Amino acid sequence: MLLSRLQTEDDVIAEIKAISGQDVRACYQCGKCTAGCPLASAMDLMPNQILRLLQLGEHEEVLKSRTIWQCASCLTCAARCPKDVDPARVMDALRTLLMRRGLVHVEIPKIPADLLAEAPQQALIGGFRKFVGY
Amino acid sequence: MAAEPAMVRFFLMGKPHDVPKGLTIQKAMEYAGFRLLRGCGCRGGFCGACGTVYRVGSDYRLKVGLACQTVVEDQMYLAQIPFFPAVKATYKVEDLPPTAETLISLYPEILRCVGCNTCRKVCPQEIEVMRYIAAAQRGDIAKVADLSFDCLMCGLCASRCPAEIVQYHVAILGRRLYSRHIAKPAAHLAQRVAAIDRGECDADLEVMVAADSARLKALYNAREIEPEDLEAGGQE
Amino acid sequence: MRLPYFPGCTLHSKAQNFDASARAAAQALDIVMEELPEWTCCGATFSMSADSVMGLVAPTRILASAKDAGKLLTLCSFCYNTLKRTNRVIATDAEKRRKVTTFIEEDYQGNVQTVHLLEVLRDDIGFEALAARVTRRLDSLKVAPYYGCLLLRPADEMGFDDPERPTILENFLASLGCAVVDFPHRTECCGSFVAVSTPDVAQACSARILDAAAKQGAEMLVVSCPLCQYNLDHAQRRVQAGRGRTSQLPVVYFSQLLAIALGCEEACLHLGAHVVDPRPRLSKWLGQESQATALV
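Just so you know, the sequences run in chain order C, U and R. Position 58, counted from 1, in the first sequence is what my numbering calls 58; the numbers after and before it change by one each time, with no gaps. Position 37, counted from 1, in the second sequence is what my numbering calls 37; the numbers after and before it change by one each time, with no gaps. Position 33, counted from 1, in the third sequence is what my numbering calls 33; the numbers after and before it change by one each time, with no gaps.
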């Protein structure tokens with residue numbers, strides 16, 4: 001495959017960098033983020049794969065993944081990354097980018113009534129911030 | 001010859017109109033030749049029908065007010081919002097417990113509040129809308145009712161809310177829950193109703209029913225208004 | 001000691017067991033938790049977007065309201081994390097500080113230190129002094145401390161304890177006389193707000209934690225976050241239905257154990273609000289009333 005700057009530094013990549021404040025090029029694929037991620041078994045792309053794909057400019061694949069919506073922002077990845085990359089911020093930026101484009105990951109009217117009644121407010125408030133956006 | 005009144009210019013739907021200084025927006029629109037069929041109600045600042053958003057001159061800030069109460073300023077540029085599409089949940093207040101769960105289940109979007117305070121800034125009654133939404137999130141129904149007491153249901157808060165909350169519908173549910181489940185029943189009201197049921201007012205009512213128009217007017221003009229008058233031995 | 005206190009939305013309603021037990025325990029230790037006269041939701045999650053300030057508005061307003069005291073106490077891990085991380089942005093990023101404080105019309109420079117009750121117990125009272133004030137030692141109670149994520153991470157900002165090998169809850173529990181159980185998943189995420197979108201995934205995270213604690217012999221799990229409490233407690237209800245689990249681990253707040261140990265009135269504990277009832281295991285230290293209810 002032939003990589004060019006046009007692909008690896010396009011507008012979307014620039015926006016992801018602006019929102020996340022992270023330079024994904026620092027990642028050297030050690031895999032500690034994936035190894036420590038408690039939600040990894042529910043993800044399609046692994047956290048380190050997300051970073052790798054972003055390095056290669058393959059943002060469309062990343063934005064279509066289930067992974068970014070499974071991230072719980074637990075920051076285990078950020079705590080362990082030897083290059084001080086914060087993959088959780090990257091995940092958050094990917095969600096934010098989509099939500100700013102109008103995508104809504106959780107349809108509030110479809111939330112089951114018992115969940116709305118039982119879940120602590122912080123779960124719903126946090127969930128709305130991460131999956132519905134503002 | 002009377003002096004020309006000072007005039008001010010305002011813009012409605014982009015068109016300029018010159019009207020005498022001192023008129024309210026509604027009166028100014030009528031002066032300019034419009035007949036108000038919609039977005040006009042009590043004209044007394046109470047029904048919430050005439051919520052208006054406007055700017056003045058080159059000031060970037062958006063201002064709000066009720067058209068029946070707000071005086072036209074020179075270079076005012078306005079648009080009326082008589083009606084904002086808002087979701088209203090259906091419920092039976094008797095069946096609802098006065099809790100956070102009730103409000104969250106019926107209006108889950110209250111949890112999307114970002115705390116921007118735009119609702120408060122836009123309220124023509126200067127109600128602390130963000131504070132009562134915060135109270136709603138944590139189930140403090142009494143506070144929701146108390147803070148939203150002066151709400152006119154004009155809908156301007158909902159029109160600007162980035163989280164798409166319908167604050168005034170949440171508030172009225174809070175007030176209904178409060179009245180139904182939390183507020184102490186008024187003892188004096190219960191006593192009065194009991195007295196009526198016992199027939200203690202029947203005699204006076206019969207007098208009024210039998211009275212002709214002139215007699216009714218006389219009775220009305222001579223009525224006691226202050227509690228002290230009753231103690232002085234007047235008619236009850 | 002008086003501290004301004006920010007309860008957060010959840011403690012005020014759904015997690016009254018956490019709030020009431022903490023207030024009672026604090027009072028027994030001569031700490032007055034003064035709830036802020038006015039407060040709104042902090043937003044629960046810290047806004048990680050570097051290019052926007054909307055998420056900083058609400059928490060900054062809350063911090064500004066405590067600026068005279070210089071300290072703000074909170075119990076909920078979400079609020080603690082959000083307030084502390086927001087404060088650091090406001091204190092260090094001049095541009096964001098200017099934008100946010102102008103918008104909320106407050107003169108706030110970032111001076112407020114957000115503290116957690118566990119920090120107050122460790123740093124202002126000391127665990128040895130705390131042990132001396134315990135009237136009901138919780139001997140033989142095998143408790144596994146569960147930290148969750150938000151108290152510890154990011155470590156350089158939270159400064160709460162070591163993110164991989166924390167000890168504060170262990171030391172706290174030891175001062176109450178508990179038999180502390182070490183287990184591998186004590187700093188691992190319970191699933192958090194993913195419970196709103198894919199509850200089964202959150203349940204799986206919680207189940208892993210519960211299994212690990214039970215395997216090490218824990219009789220109870222102690223937490224500091226209403227969402228962890230919800231995920232861990234409720235996971236056992238649903239998991240029972242699907243898998244027929246026999247072991248049940250009650251999930252209690254650290255303040256509930258603290259309140260018991262300090263001899264507080266049982267009304268503050270609200271132990272009936274839990275899915276897996278802690279009362280049978282705690283019956284040794286509870287009065288007649290709570291025991292009777294537990295047996296029903």
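Just to be clear, a hint being listed does not mean it is correct.
Simulated coverage check for chain U against chain R, where a stretch passes if three residues somewhere in it have a Cβ under 8 Å from a Cβ of chain R [as the list claims (entries may be wrong)]:
id, region
1, 109 to 121
2, 127 to 136
3, 209 to 220
Chain R is nowhere near these chain U residues, computed Cβ spacing over 10 Å in every case [claimed, not checked]:
id, residue
4, MET13
5, ILE196
6, GLY199
No wet-lab data here; the hints were simulated from the structure. For clarity, every value in this text was computed on a predicted model and none was experimentally measured. From the three backbone atoms N, C-alpha and C, an ideal C-beta is built for every residue, glycine too.
Can we trust that U:ILE196 is non-interface, i.e. its beta-carbon lies farther than 10 Å from all of chain R? Its Cβ never comes within 10 Å of chain R, the nearest being 41 Å, so this holds.
Is the coverage entry for the region 109 to 121 of chain U by chain R consistent with the three-residue Cβ rule at 8 Å? holds (count 6)
In terms of beta carbon proximity below 8 Å, does the region 209 to 220 of chain U have 3 or more residues touching chain R? Our answer is that it is violated, as 0 residues pass the Cβ test (under 8 Å) against chain R, missing three.
Minimum Cβ-Cβ distance from U:GLY199 to chain R exceeds 10 Å: holds (47 Å)
Taking the minimum C-beta separation from U:MET13 to chain R, is that value above 10 Å? holds (31 Å)
Given that the region 127 to 136 of chain U was listed as covered by chain R, double-check it with a C-beta distance under 8 Å for 3 or more residues. That given contact holds, which follows from 4 residues of the region 127 to 136 of chain U lying within Cβ reach (below 8 Å) of chain R.
When the structure is compared with the earlier hints, a violation turns up for hint 3 alone.
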